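J.: Below, each chain spelled out in residue letters.
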Amino acid sequence: MTTNERFPRGRTAVVAAATHGIGEAPGQSSIDLAAMAGLKALQSANLSIADVDALYVALPDDMLSGLSLAEYYGIHPRITGNNRTGGSAFLTHALDAAMALDAGLCDVALITYGSNTRTNTVRYPAPPGSSPYEAAYKPLLASSYALAARRHMHEYGTTREQLAEVAVSARNWANLNPDAYMKGDLSVADVLNARPVSSPFTVRDCCLVTDGAAAVVMTRADRARDIANRPAYLLGGAAATTHRYIAAMDDLTVTAAAMSGPRAFAQAGVKHEDIDVLELYDAFTINVILFLEDLGFCPKGEGGRFVEGGRIAPGGVLPVNTNGGGLSCVHPGMYGLFTMVEAFQQIAGVAGERQVKDVDVALSHGNGGVLSSQATLIFGSDATL
Amino acid sequence: MSATKPEQEFREFLASGRFMIQRSRSTGGYVFYPRVAEPGTGAADLEWVEPSGRGTVHSFTVVSQKPPTPDYNIVLVDLEEGPRLMSRLTGVGNDEITVGMAIEAVIERDGETPVLLFRPAAGK
Numbered sequence: 052m053t054t055n056e057r058f059p060r061g062r063t064a065v066v067a068a069a070t071h072g073i074g075e076a077p078g079q080s081s082i083d084l085a086a087m088a089g090l091k092a093l094q095s096a097n098l099s100i101a102d103v104d105a106l107y108v109a110l111p112d113d114m115l116s117g118l119s120l121a122e123y124y125g126i127h128p129r130i131t132g133n134n135r136t137g138g139s140a141f142l143t144h145a146l147d148a149a150m151a152l153d154a155g156l157c158d159v160a161l162i163t164y165g166s167n168t169r170t171n172t173v174r175y176p177a178p179p180g181s182s183p184y185e186a187a188y189k190p191l192l193a194s195s196y197a198l199a200a201r202r203h204m205h206e207y208g209t210t211r212e213q214l215a216e217v218a219v220s221a222r223n224w225a226n227l228n229p230d231a232y233m234k235g236d237l238s239v240a241d242v243l244n245a246r247p248v249s250s251p252f253t254v255r256d257c258c259l260v261t262d263g264a265a266a267v268v269m270t271r272a273d274r275a276r277d278i279a280n281r282p283a284y285l286l287g288g289a290a291a292t293t294h295r296y297i298a299a300m301d302d303l304t305v306t307a308a309a310m311s312g313p314r315a316f317a318q319a320g321v322k323h324e325d326i327d328v329l330e331l332y333d334a335f336t337i338n339v340i341l342f343l344e345d346l347g348f349c350p351k352g353e354g355g356r357f358v359e360g361g362r363i364a365p366g367g368v369l370p371v372n373t374n375g376g377g378l379s380c381v382h383p384g385m386y387g388l389f390t391m392v393e394a395f396q397q398i399a400g401v402a403g404e405r406q407v408k409d410v411d412v413a414l415s416h417g418n419g420g421v422l423s424s425q426a427t428l429i430f431g432s433d434a435t436l
Numbered sequence: 145m146s147a148t149k150p151e152q153e154f155r156e157f158l159a160s161g162r163f164m165i166q167r168s169r170s171t172g173g174y175v176f177y178p179r180v181a182e183p184g185t186g187a188a189d190l191e192w193v194e195p196s197g198r199g200t201v202h203s204f205t206v207v208s209q210k211p212p213t214p215d216y217n218i219v220l221v222d223l224e225e226g227p228r229l230m231s232r233l234t235g236v237g238n239d240e241i242t243v244g245m246a247i248e249a250v251i252e253r254d255g256e257t258p259v260l261l262f263r264p265a266a267g268k
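Chains as they are written, first to last, in this note's numbering: chain P, 52 to 436; chain X, 145 to 268.
Calculated directly from the structure, the hints in this document are not laboratory data. Heads up, a few of these hints could be off.
Stated by the list, open to error - Output of the computed footprint for chain P on chain X, the stretches with three or more beta carbons under 8 angstroms from beta carbons of chain P: (1) 200-206; (2) 223-237; (3) 253-259.
The structure presented is a predicted model; accordingly, all values stated were derived computationally and were not measured. Here a beta-carbon is modelled for each residue, glycine too, at the ideal position from N, C-alpha and C.
Could you build all of it, start to finish, from the sequences and the hints given here?
T.: Put into structure tokens, the structure is as follows:
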């Protein structure tokens, strides 16, 4: 692994972000949703589609969605990015955009995503696909994550209740978010007694299935100050891949976040205690426990104990998934971009009732496949430059 | 030379009642799932070998179904030779599966299709 990465720290920023159609958006196609989220983000930056010269997108139902969205918008981007690493794709788009912006290859990068997974009439194939060596055993998407959860329980004594704490914390954040799809009281007992899906998971350990779209706009830092009151500067970021299907994951209790995280921290030049909020891709409850460990917020094996007692919930010492996450806010299939939207909104100070006080550094983390691809971004306010 | 049609050859072995994996002649490393080169080294001198069939449960999950459809299990198996694969345990209750239990391969048929399953190891 290269040790002298030269990431353009703080030289690019997210200047606008938007969501659209969270929950149910019947009759709108995935590209309609993605296009509208992009327009809303551009509008809030006083930009138009004509300004976009780098377009990044991944849709669930269109292998060539980069081309499709360029056509839909009627633009001819200098850069069209369509990297598909699952739900982490959009964070890798941001890494590419940062380097392209810094090199002067483009001036305005739009990253967008949408899916009508809940209300469409055609069932999309699960993003991780289906291995010919696994299909006969009929694993649900949840099953691969459940196998990791079971192994974590076996090796570290992580309990069913500790997994449930992740879902409860997410719900308590969602209860502060007017856009969140799933609200209401949720207790650890509620999670344990919910409909079983793939042991040890019940349905409340699993992300939602909703419609929804998200978009962010990135520019170079010099321009960011003219567009946004409080841009979210990209201080560092890295991605790593370990496998595609779960049987090929070397250690079911260690994800590629253990590689992407340290690189992102080194580039950003920040310490763990500097991070004010974490937005972690919580496809399943075990994800948050694994990522807290792999990103270095607690030792390996301690994630279950770490999330107890509301530590990551509203009022806790470490705010995690402040929008309610994929577990209670929104999950159209590839949630990663929503972690960037929320990180931006927390730094911008526009998160309303769920706003964490004085956010200067936010970590956004995306997961793709079945714990296969991991991408970590660290954003900072003006004060961190 | 390695298999040029690894998946097809694996399935032909399975149809004839044999569970086969691959091994690199140069590195000695065992490989599953079948492919044209050993992961990590790229060694393209894989030959088919018959594993012992013995392994242990690395992890497991039980998928819930709407009654009367029975729930089913999924396991990750650590083969004695090293590779890990996904399978299903037969001949054991879903509530009796434990991480680390000793198991052995068995080929059963799902209609016309041969399927690689595992059962509790004999004598355990």
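J.: Each hint: holds or not?
T.: Here is what the structure says about each hint:
Under a criterion of three residues with beta carbons nearer than 8 angstroms to beta carbons of chain P, the stated coverage of the segment 200-206 of chain X is upheld, 5 such residues being counted. Counting residues of the segment 223-237 of chain X whose beta carbon lies closer than 8 angstroms to any beta carbon of chain P gives 5, which reaches the threshold of three, so the coverage claim holds. Coverage of the segment 253-259 of chain X by chain P holds in this model, with 3 residues showing a Cβ closer than 8 angstroms to a Cβ of that chain against a need of three.
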